[in-house]
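Participant: Those sequence lines, one after another, are chains A and B. The numbering of the first sequence is the numbering used here, which starts it at -7 and goes up by one. The numbering of the second sequence is the numbering used here, which starts it at 148 and goes up by one.
Keep in mind that the hints are not guaranteed to be accurate.
[As the list claims (entries may be wrong)] Below 20 Å or equal to it, Euclidean Cα-Cα: the simulated SDA-like pairs (lysine to any residue) are:
| id | chain 1 | residue 1 | chain 2 | residue 2 |
| --- | --- | --- | --- | --- |
| 1 | A | 221 | B | 224 |
| 2 | A | 265 | B | 287 |
| 3 | B | 239 | A | 134 |
| 4 | A | 221 | B | 205 |
| 5 | B | 239 | A | 77 |
| 6 | B | 239 | A | 132 |
| 7 | A | 221 | B | 222 |
| 8 | A | 265 | B | 242 |
| 9 | A | 265 | B | 290 |
| 10 | B | 239 | A | 211 |
| 11 | A | 265 | A | -1 |
| 12 | B | 211 | B | 176 |
| 13 | A | 128 | B | 205 |
| 14 | B | 239 | A | 222 |
| 15 | B | 157 | B | 182 |
| 16 | B | 239 | A | 226 |
| 17 | B | 239 | A | 219 |
| 18 | A | 221 | B | 203 |
| 19 | A | 221 | A | 231 |
Hint data in this document are derived by calculation from the structure and do not stem from the laboratory.
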Amino acid sequence: MNAKTMAGIRGSLILAAALLIAIVLSLMIGQIRLSAADLWTGLLTGKGPGALTLRVLRGPGVVTAIGAGAALGASGAIFQILLRNPLAAPDVMGFTSGAGLAIVCGVLAGTSLPMPLLSAAGGLAAACLVAILAIKRDGSQVPITLILVGLGIGFLTAAANSFVVTRLPPEQAAEAQRWLTGSLAARDWGHAGQVFGCGTVLAVILVIQVRALSLLELGDDLATGLGLKSNRARLQLAGTGVLLAATGVAVAGPVPFIALMAGPLGMRITGAKQPGGRILSAAVAGAIITVLADLAARSIVPGLQLPAGVMTGIFGAPYLLWLLSREMDAGDI
Amino acid sequence: MMLENDNALKAEGLTIGYGERTVIDNLSLDFPAGRMTAILGPNGCGKSTLLRALARLITPGKGKVTLGSDNIFSMDTRALARRLAILPQASKAPEGITVADLVRRGRTPWRGLFSAWSEADAAAVARALKEVGLTDMSERPIDQLSGGQRQRAWVALVLAQDTPCLLLDEPTTWLDLTHQIEVLSLIRERNRAQGVTVVTVLHDLNLAARFYDTLVLLGPNGMVAAGAPQDVLTEDNLMIGFGLSAMVVPDPITGTPMVVPR
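Chain A extracted, bound-state conformation (with noise of 0.2 Å):
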């Protein structure tokens, strides 16, 4: 075995290790605190203080927050590869914001639509849409045009997110604002299901649309070259990243951030530099990413419950201007 793998493995253990971390932290810490002999307890016999917390308490919301992330994770990383940008990532492309205005409208409206349906529409007309103004003259589409035209969506939806919330009642418009952060707080198994549910089929889809992935990161000459229909295969691959996007927002609300630091930090740990590694990476850690803002959120002010796109704000925003700057660099922008 050389280096190389072994450095792979190691890097791929640390990261489920702190998944493995995250998650005890995440059920350990709270309003009650727990011991880790608590949850074991819990855990092995379904009785005390560790059993509630792990089937009532924290657990649905930690496992809906590793869902989540994960979909999230995973999402950035497809268009991250897809555009070779590392600014390329649905929240940033103002996918994620498009899936919330549809649910916050949905929700209002009045619909007996389910949350993921509505999740999924706004994320894909967002994308149309950002997809469509993004067309050059010529008909072609570069990916830095692609993004800054998202980041506009991404500003246009938000502020109709806004103009939502100003024409509701005081206390639903509370709870819509506090939704449309991204929070976790009073998740139950139904969501967790929801987006395990989604995320595994979007999963098996993405296994078989991988190979496309790793040569459309080629270029699309040499990717067409190659036997593959490339225009149908980005198309595709879009579709998925869109919906698995989707599927984390119709759970967690559109946290911002997740997905665009998923991929690169993943990829940093884990050293994987073909499309499969690195979405797999993106995955978990997304999944510890939103674990972590979720727990830092309800318990960094004690007695009140933040949502947890505060906390991936407060780290992604940073991230977020400092790749800008790099960009503009760079001369790509």
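Take the given structure of chain A and dock chain B to it, following the hints.
Facilitator: Chain B in isolation, oriented as in the chain A frame:
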């Protein structure tokens, strides 16, 4: 059994334009099987456009391209990828991937969706790496290679694709003279060893004359000449194609025509 002339490329009445501008107008050309053909001409004359049409990367407004007896525009994408490979101009490798990672992707048209990596795949990759002289560097990240090595890695990718027809778009651009000769030599070795049909867009007229059997010279107003190097690289043709006043003398080493601008 594939007949030799199944690997001949043929353009018939090709007309290609971008919007209002017609780049190639009613062009018919033969690219004989097992031969090396270089497409030459000034910037903007449609060299790359022609090559892209031959590889089905763009669809012509009129006309067709045949590979053997098949019209490439009605072939299955994958079937075409097993018979014809294209190396586009100045490709950029994904960050951090190794030479072997890159070259392995050349095997895609031969692999089923879930089929395992076969011995034939491994052999083709190993042979391609050997042909370009990167066997010892196969585990190195592409971004750590020199310009010449990097270009050889890209050539290895299309060599691993193992097609009887190979198209290359300016494979020597940005390389110094030594590396240009290196790349063209290894393409010619593949051509001589396996009878692969090669079509290349090139800038350097003298190298084209040295390495290629047939030259096609495109000018601002369409094709100027096609044929053996000494018939194409004449003083008159250079004037028509490039607007260049030049003397053509025999290359002191190979005897092929050598262009010396006045």
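Participant: Would you mind marking each hint as holding or not holding in the structure?
Facilitator: Here is how each hint holds up against the structure:
no.: 1; hint: A:221 <-> B:224; result: holds, 7 Å
no.: 2; hint: A:265 <-> B:287; result: holds, 13 Å
no.: 3; hint: B:239 <-> A:134; result: holds, 15 Å
no.: 4; hint: A:221 <-> B:205; result: holds, 13 Å
no.: 5; hint: B:239 <-> A:77; result: holds, 13 Å
no.: 6; hint: B:239 <-> A:132; result: holds, 19 Å
no.: 7; hint: A:221 <-> B:222; result: holds, 12 Å
no.: 8; hint: A:265 <-> B:242; result: holds, 7 Å
no.: 9; hint: A:265 <-> B:290; result: holds, 12 Å
no.: 10; hint: B:239 <-> A:211; result: holds, 8 Å
no.: 11; hint: A:265 <-> A:-1; result: holds, 12 Å
no.: 12; hint: B:211 <-> B:176; result: holds, 11 Å
no.: 13; hint: A:128 <-> B:205; result: holds, 18 Å
no.: 14; hint: B:239 <-> A:222; result: holds, 17 Å
no.: 15; hint: B:157 <-> B:182; result: holds, 13 Å
no.: 16; hint: B:239 <-> A:226; result: holds, 18 Å
no.: 17; hint: B:239 <-> A:219; result: holds, 19 Å
no.: 18; hint: A:221 <-> B:203; result: holds, 11 Å
no.: 19; hint: A:221 <-> A:231; result: holds, 15 Å
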